[in-house]
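Going line by line, the protein sequences match chains A and B.
Here the first sequence is numbered in my numbering, starting from 176 and rising by one per residue.
Here the second sequence is numbered in my numbering, starting from 86 and rising by one per residue.
In case anyone wonders, no lab produced these hints; they're calculated from the structure.
Take the hints with a grain of salt, since some may be wrong.
Straight-line Cα separation of at most 25 Å, DSS-like style, residue types lysine-lysine; simulated pairs [unchecked claim]:
{"#": "1", "chain 1": "A", "residue 1": "Lys675", "chain 2": "B", "residue 2": "Lys492"}
{"#": "2", "chain 1": "A", "residue 1": "Lys740", "chain 2": "B", "residue 2": "Lys413"}
{"#": "3", "chain 1": "A", "residue 1": "Lys675", "chain 2": "B", "residue 2": "Lys538"}
{"#": "4", "chain 1": "B", "residue 1": "Lys157", "chain 2": "B", "residue 2": "Lys478"}
{"#": "5", "chain 1": "A", "residue 1": "Lys617", "chain 2": "A", "residue 2": "Lys1011"}
A few chain B residues that don't get close to chain A, going by computed Cβ distances all over 12 Å [to be verified]:
{"#": "6", "residue": "Asp200"}
{"#": "7", "residue": "Val288"}
{"#": "8", "residue": "Glu302"}
{"#": "9", "residue": "Thr353"}
{"#": "10", "residue": "Ser427"}
{"#": "11", "residue": "Ser452"}
Now the stretches of chain B that chain A is said to cover, found in silico as 3 or more residues with beta-carbon under 8 Å [what the hints assert, rightly or not]:
{"#": "12", "region": "213–227"}
{"#": "13", "region": "232–244"}
{"#": "14", "region": "409–422"}
{"#": "15", "region": "436–448"}
{"#": "16", "region": "493–499"}
Bear in mind the structure is a predicted one, so any value in this text is a computation, not a measurement.
Cβ atoms here follow ideal geometry from the backbone N, Cα and C, with glycine treated the same way.
Residues per chain are reported as follows:
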Amino acid sequence: MVIATIAPESAQGADPAQIAGQAREVLARRCVGCHSAAVKSSGLDLSSPGAAARGGSRGPGQILARVTSGEMPPAKPLPESEVEILRQWQTAGMPAWSSGAIELRRATADWWAFQPLREAPPPAGEVSVIDAWIDAKLRARGWQRAPEADRRTLIRRVSFTLTGMPPTPAEVLAFVDDRRPDAYARLVDRLLASPHYGEHWARHWLDTVRFAESEGFERDWIRDHAWPYRDYVIRSFNEDKPYGQFAREQIAGDLLTPQTRDGVVATSMLVLGPYDAVGLTSAVDREREQVRADQMEEMVGLVAQTFLGLTVNCARCHDHKFDPIPQRDYYRLKAVFDGIWQPTTGSELRAGGRPVLTGAERARHEADLAAFDRRIGELEAQVGQLDRAGRPRLAVPATVPAPMGWWTLDSDARDDAGALHASLAPEAAAFTGGRLQPPAGKESVTAVTVPLTADVREKTLEAWVHVARPAEKGTTLFRIRNHSGFRGAALDGIHFTAGKKRRWENASTVNFRTDDVDGPEEDTPAGGRLHVAIAYAADGEIRLYRNGKLYGRPYRPDAGTAHGKLQTYGRQDAIVELTSGNGLELEQARLFAHALTDGQIAALFAAGVDNAAPPRGAEREGLVRRLAEERAQRRAFAEAPARAFAVDVRPAPPTRLLARGDVSQPGEVVAPGAVSLLRGVSGDLGLPPDAPDADRRLRFAEWLTSPENPLFARVLVNRVWHYHFGAGLVDSPNDFGYNGGQPSHPELLEWLAADFLRHGGSLKHLHRQILLSAAFRQSSRLDSAAAAQDASARLLWRFPPQRLPAEAVRDAMLAVSGALNPRLFGPSFRPFEIIKNPGSYHSYSPVDSADPALQRRTIYRMNINSGGNPMLDALDCPLPSVKTPKRSVTTTPLQALSLMNNPFADRVARTFAARVSAEREEPAARIAWAYELALGRPPRPEEAASAAELAASAGLEALCWALFNLSEFLYVQ
Amino acid sequence: MSSKPISRRQAILDAGAGLGWMAVSSLAAAGLPAGVHFPPKAKRVLQVFSVGGMSHLDTFDYKPELAKRNGKPFAMPTFFGQGGNLLGNVFPFAQRGQSGLWVSDLLPNLAAHADKLTVVRTMVSKSANHMPAVACMNTGFILTGFPSMGAWVTYGLGSERENLPSFVVLPDLRAHPWGGTVQWSNGFLPAAVQGTMFRSSAVPVPDLATPAAVKPEARSAALAWLNRQNRRFADEHPGDSALEARIRSYELAASMQLSVPAIADLSTESEATRKLYGFDDPKTEPLARQCLLARRLLEQGVRFVQVYHGGSSVDWDAHGSIIDNHTKRAAEYDKPVGALLSDLAARGLLADTLVLGVTEFGRTPVSQGTGKTAGRDHHPDCFSCWMTGAGLKPGFAYGESDELGQKPAENPVTIHDFHATALHLLGLDHERLNYYHNGIRRRLTDVHGHVVKGYLA
């Protein structure tokens, strides 16, 4: 932030009140952050003239000296104009200002959340510590906790709270009839042991960590392999995994437990944010750096908000406006994660996941792959030897320089001139008639070489082509390209276009170097043979040749511009691709690192192609068969391991502080570290700036989960509280800083956090503490006096009624109707059609069907950014990519329309009616059963009568539909 | 209990009374319409979005110097890194109307409205990449997850008609814009303010129609029964405003089932009107439908209507031939949009409607590609948007780009400034229209934006 400096009034004639007012402004902006009434750094309080006059530990009258010496404010000396104001103020005898003491509108180091956990003894006389603190607040206001809710209400409430599902009528009855004194505790234990517990609580966690199964941005492609993380979260909740371990695994599981697959899967949390595939491959360096910087802010924001309740991301461009988080802390935290990338780049990982193997498995897997490669290489060499032995030695005319690559394509795609060997997908290997041919049933086949071993600038691509049939589609037969990405990657090649005119051209449309050279229409009939070459000269000229003669006119793509520049194909990056397709088949291809002359091209054409079919003895056929088998086995083997959308670790460049967050203004190098605001917990991780990724994440995970870090437990217990009562003790679960405010029950929050740590970070223990409290068990009855002052019941004078979250609404409808498919875990179901739009952009159109795969719980639905569902969206389901620690709850006509008319709602209401009809005979019994199933209670007599009337006149399905639309169905009391 | 700096608007929303908020009566300050910070010039917004990046150099920003230097080399960074030589305007320009506003021959119908138009020629965006740039124009941010302007306006002003959505989106039926539905998302604002997609078809809104298999009389009986049960439940649970809101939401839903199809039924329009918009030509017919529907929605009091012309890959993205691409797109765009402006003016709606003709970025002064296929690359550093309607200087061009149209020579208008000014015309202070989310009081304008007084009447 740029702060305009404050200019002093001219020294003469400035009245004391004016000087005091200006001094107040300077002190408020520059000094009171540390020298406030509350913090009193060095014992000095500058918030009022009186306190300022008293001075700090160094005694009075020191202010001006510290400022003029440049000692204060630290590292940010005041502009001279402001020093002058303070000077005048001191000279005038520090006159008082009229507008009162300076109040900090931001948190300082003394903010409650940054202090160590402090337990206070609870008020005496209560069984539960929770109730002791809740009741103390109620008593202070003269209010009373509500009496315990009735058992039907209670079992419905606790079932939805723990499992997100309604109790079955049998479960309701069992609880209502259970006369044992610990009936309720037993109910809680049963629900905590249910696999549905993890399913429901995983959804809360997935909201917080923005679990998205598509990449967002322009393309929004699906991430096929994100779901293992969802299963990991469900299992972690069900196993009651200690929270510290849960957190450490998500930060550094791949390093902590390389012997388990969960370790790798857990790290998905870091990388599930949006992925700007197009921006990250931009030709413009700035654009890519910007995209990466945005991605890192997303990741840093996630970690800090989720585990610390701190909005560290707000300090990317400047010191935090409300909390004592210097900009430097943002970059320290960013450095911890600077080696982390999403597993979406790199061709092998296109499917959006990386192999998940334990350390031992990985070593064995790699050794096995190497063995495959060795056997395949040996077989290829044997075949090549046989072939070469039966053929005269290859030569080019004496006037032509030696080629850099020479692919005869007689029996394989090996380079006969050097080592630029090409390979094919195993099932695609087909060399017949001495040329590369697509396998049966395929339109085309491509062989891809290893990367070049030297840079290529001027060059010639030359090919002999067999015309199996006149091509109807455009085909690039022989091209060279830089492999590192689509944008900014160069490409040149021999291309046949079948558009308005059937002709040859240079393939680089993507580089805007293509032009129509006005060559004649291609008319070689089926069975014919062609010689085609393109020379790329050092001055940018591009010349096409056909059958030894110049084809059309030579051209330079926009001379003097980037188009016109000769492209460099880099060593270790550029590859050559050889393709036969759409009736055009390569017989031979050669790459020259020279722009050949007209005469040299003519000589190559005159020399012809040596296309003698290689000898095809039984020995060779046996070798070829074994080769095909080995290749097929290798592919299957390589694809066998499970994949996950987990971290892809790369060497981290030095992390630099960016002035104003601007990637073009890099500053000092920053070492990895944590936040510095916690009292008694240093944020210094003792790491050098170039520490390896493993040290960075392991140290941070250790720091994060250390018992001395008070935020770690506070933030979590507050989240858990929030999901029980609909609001947290701190009502902004991701922000414990100044903007998050004070907790409603500070002592209770401290005790819950300390108790949670004492019990090893057990969530199930925490649930029991809360669920067994009288505060949770009380009814939701209204107390008008309390409601007048505390309408949302944050002080818990009653249990606050809550609308079910979207997923629970859908799940309850499925469960009640009997349609629910209870299958746990596995790939996400996809209730949509994928629409692949032009421009590689995917969109999603919702579908509904009775397919059992689509009747699973909503947690297993694929979470697509642009693939919303009208009913779930209307019920406040968040966007997958948005961190949502707290959902909004709205009531709208569109929500009503969805519950009324959505195809799912309509279908499931019918299923419900069919179920009731099948399970009960008598009309009255059916109505009673429908009530029991949907609402967990029998109908009252007048309800039974009117429901019977509705069922008789409009059908049972109309009644079932109406039950799903009842407020009582959607609200937990 | 909490010092969290939430606004009164947010407090009302957070209390769960979505509907009470939608009617915004509770926000009405004495003497002012509901929700505004000061007296507004415009009550509603129509945004026409040209997806893909309409070339400012071939539409509104006439650059004789660029034409003069056509074919000369010029070095500048471009998105694809393939910048060619300078390329002058490929369509002739002329000064139009009394005002003499420059508009090219590409847009004759829009040019006929020149004296009503306000053109900003110094727009600056933050991304040269389609999806983030479209998001930037919609939300002020290049990352997803932020509320679009229609959502903010709805949040700020509520709805004039409670049985119609306040923010309606009319996408190009050929393709969604890059990013799809997230472009009209509510972001972190409550779902109630998200854009509702309308199509000019029998069921313009998802889940609007009663399923075919349900008999109307059965549905009426069930709704009546449902209403009685919900009424009694609310009576038994006094003090829960959400329960009252639910009852009301079903009444409004039923009302929408009648009102929405009636609005979407374009057959009631006269043949002359349909011809004016271009229903008789397959090129113009699709956008004509969207534009006519837009007018009907605005007439009925919908607060914010967004019309998309083009979507991913059927758009103004003229990397290849600028002549082919822009001729084709303009032929679809110009007539319906011109007709819409005429129609709005004739009905007196322009007096209190703000019309924003936007695109995500302009196009480079240098060519991309060569010879017969010369196009232009993405260019966020300077481009043009047009506006008309309430509170603007008519027949006026604001800001001047440099002699090549590469950068603003004066008065740059960032997307944040553009948004701040639009909100200002609606009676909203962009700094006070905010919503607390994960540590920040979020605004449409982030921490930037100034109201551009220079083009206000």
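Would you pick out the hints that fail for this structure and give their numbers low to high?
Those not satisfied are hints 1, 2, 3, 4, 7, 8, 11, 13, 14, 15 and 16.
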